[in-house]
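Given next are the chains, with one letter for each unit.
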Amino acid sequence: MKMKLATWATAAMMAASPVMADLVFPSLSYRTGAYAAGGIPFADGYADYLTLLNERDGGIGGVMTRLLECETGYNTEKGVECYESTKGEGALVYQPLSTGITYQLIPKATADDIPVHSMGYGRTSAKNGNVFSHVFNYPANYWDGASGAINYLLETNNGDISGKKIALVYHNSAYGKEPIRTLQGLAAKHGFELLELAVDHPGQEQKSQWLQIRRERPDNVLMWGWGVMNQVAIQEAVNIRYPMENFIGIWWSGSENDVLPAGDAATGYKALTFHGVGSDFPIFDDINTHVVDKGLAAGAGDQVGTVLYNRGMYAAMLAAEAVKTAQGIHGVADITAAMMRDGMEALEINEAKMASLGLPNFGPEFTVSCANHGGDALVGVTQWDASAGAWSLISEFKATDSSIIGPLIEEDSASYASENNIPGNC
Amino acid sequence: MFYREAGDFSTTYPQDSQTFPIRFDRYRYYAVLAFAVLVLPFVMDDYLVNSIFLPFLIYAIAAIGLNILTGYCGQVSLGTGGFMAVGAYACYKLMTSFPDVNIFFHVILAGGITAAVGTAFGLPSLRIKGFYLAVATLAAQFFLVWLFNKVAWFYNYSASGQINAPERTVFGIEVTGANTEAWATYLFCLVFTIGSAIIARNLTRGSMGRQWMAIRDMDIAAEIIGVNPLKAKLTAFAVSSFFVGVSGALFFAVYLGAVEVGEVFGIQKSFIVLFMIIIGGLGSIFGSFAGAAFLVVLPVVLKLVGVDLLGWPTDIVAHFQLVIVGGLIIIFLIAEPHGMAQLWRVAKEKLRLWPFPH
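In order, the protein sequences belong to chains X and G.
For the first sequence, the residue numbers in our numbering are 1 to 426.
For the second sequence, the residue numbers in our numbering are 1001 to 1358.
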């Protein structure tokens, strides 16, 4: 029985993959489960941008793109299965949108010579390209997020937050635990008190955490949440009448899905970001003309211009730019995953490039190098206005505290290098 | 026709009490074993091993473990995920504390540690049964996951709270870590699966298994005829947890390589192993294999048919999978409570008589 199924499975796979020159972008998406609210818009944005390139430009450098979507449900095992089933089709880069799956893929993809781009998630110390040769997390990572949030608080408190009490409400997983060390370091440096409150998967039950916040009255609350946890947390904050302007979420806790259920009371909630918000960019005209109006939009097609749609589109844009860079380096249009890695390592995003793509001022400028796979770590802050129904950027993209983050990255990547006997790539 | 016992004479007691008394059955079993050991490793690739064979082999061990407890001894357990986590974390602590000891022994020791933990959590079974025991084991599930998340010593104080399997070798061949060969991990797990199945088969048909089954069928009657319920129930918990622990250790070290306890060993894991033995067949070693194979292969096949062949959206296929698994559980509970193992048994009975109806 086993043998029959295996043969049949292989036969089905071969039948399903026609051989032709194309640029394969696997999309390890999740449109089901407790995290679908975040997974759907991201996957739609990623798919629509690649469709736009095919429809408008005839692919990248004359080679068509092909999207391979695989449902992970934010589940690690399914993520591994998706990786194994798509890597044989010439996948160029993996963007799993899950810190757990990223941890799985780091050793596997490095061994298979396929790059991984964990944009704003994953293992933070992957910024050190000397150790993590195939993992990229530009333009910003969690530790930049933690530092960016504290910097913003410093700014709004005239540079002094000593003696303040700051609570961190986090998803009790690798993702949520990532910022704790940085925040502890920053707490020691700036003299604030850090209160750590863990929320277990999936995050629907947070009464006790918010009761504690009500009792301890922290000056600010930071949140590292995802999926249904965000909506619940914001609703709970409204319920205890916590002042929304003192509540800051990481970029994964700052989409329309998270604030809409709380209604008008969510006005003033802030979230970090590493790219622009809203649909006021020229590229959306192209997306409407070439993708939505032709009926080619991914999913239900109702997510265009939302925060996470923009992020998915931004991820696809960065991947496409890396392909162009790789095509330039190697002089080949139909690149391989190894060439893609070189392209990502030489990627440079500047204002002229973004403006030519129809995304003026969409994100910070940054360059990637062999030693620095994390970009320049610039973080902005957005705020929600329920009456306008929109997020707006209230703080420009600013630098984060590399004096705290740098040594932590060195330490964490050095321990990975010694565990896995990595000599160094640069 | 050729599948019958005619002409197959037993001249000794061991021959009479062997697992596969019919000659054709026995040769088929040897053929499957030989195929699994001698042929499959040569055709193994990354996709087959990571999508089908490793999960199948490892879930089969877990299903055998749970089947001993639930199928043979009648004690319902919803703590399988938690016990698998004990195996995984025990294996991780052993691997990092004693790097010179072979991973093979770490996996077995991890099973032993899980057996001790499982016995401790089995103590309430002496007083409570049925739904109440299910709830008590559910408490074990949540407590163990909480513990591994809360106490940083278990994950060696890593920043993310994840455990990562370092590279370990058996006979100089890597079986854990990133640079493993597909056939090596497959064979490593296969050894444990075959060993578990043989041990479980022989335990369940011996005096210990008879005691378990007596307790399952009616505990008061069993006590009256001289079965010690304390011993029977606690040995069932210990043996069951041993297998579950071994599977948890392999799941972490060989299959995934990096584990986050809440996500990998959550309540979902307990349910999926329970579904495996319900669909496969309670109280049957073959049923454990059938159930594990079914629930591992079904999503892969559905995905291949739905997404790759028919081109349906991925979320529709994912939802269909939930519907189909849920529907199958209801169908099996109503139409064939003994699961696929019973279907197999009935098919064999029919084959023995074929082509004559009586």
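Treat the hints with care, since some could be wrong.
[Claimed, not checked] Partial pick of chain X residues on the chain G-facing surface, computed with a CB cut under 8 Å:
(1) Arg31
(2) Glu71
(3) Ser85
(4) Glu89
(5) Gly90
(6) Gly100
(7) Pro107
(8) Asn172
(9) Ala174
(10) Arg181
(11) Glu205
(12) Ser279
(13) Asp280
(14) Phe281
(15) Phe284
(16) Asn288
Rather than coming from a laboratory, the hints here were simulated on the basis of the structure.
Don't be surprised by glycine CBs; every beta carbon is placed ideally from N, CA and C.
Going down the list of hints, with the structure as the test:
Given the 8 Å rule on beta carbons, the hint for X/Arg31 holds: about 3 Å separates it from the nearest Cβ of chain G. Proximity of X/Glu71 to chain G holds as hinted, the smallest CB-CB distance being about 4 Å (cut-off 8 Å). Interface hint status for X/Ser85: upheld, as the beta-carbon distance to the closest one in chain G is roughly 6 Å, under 8 Å. For X/Glu89, the shortest C-beta to C-beta distance to chain G is roughly 10 Å, which exceeds 8 Å, and the interface hint is violated.
Hint status for X/Gly90: violated, given a least beta-carbon distance of 14 Å to chain G, over 8 Å. Residue-level restraint check for X/Gly100 holds (minimum Cβ-Cβ distance to chain G is 5 Å; threshold 8 Å). The interface hint given for X/Pro107 is met, as the beta carbon of that residue sits about 3 Å from the closest beta carbon of chain G, less than 8 Å. Given the 8 Å rule on beta carbons, the hint for X/Asn172 holds: about 6 Å separates it from the nearest Cβ of chain G.
Hint status for X/Ala174: holds, given a least beta-carbon distance of 4 Å to chain G, under 8 Å. Look at X/Arg181: its Cβ gets to within about 5 Å of chain G, closer than 8 Å, so that hint holds up. Interface hint at X/Glu205: violated, since its Cβ lies 12 Å from the closest Cβ of chain G, which is beyond the 8 Å cut-off. Given hint, X/Ser279 at the interface with chain G, is violated; its Cβ is 24 Å from that chain's nearest Cβ, farther than 8 Å.
Evaluation of the X/Asp280 hint against chain G yields a violated restraint, the C-beta minimum of about 30 Å exceeding 8 Å. Taken as an interface hint, X/Phe281 does not check out: its beta carbon lies about 27 Å from the nearest beta carbon of chain G, beyond 8 Å. A cut of 8 Å between beta carbons decides the hint on X/Phe284: the least distance to chain G is about 24 Å, and the hint is violated. Taken as an interface hint, X/Asn288 does not check out: its beta carbon lies about 22 Å from the nearest beta carbon of chain G, beyond 8 Å.
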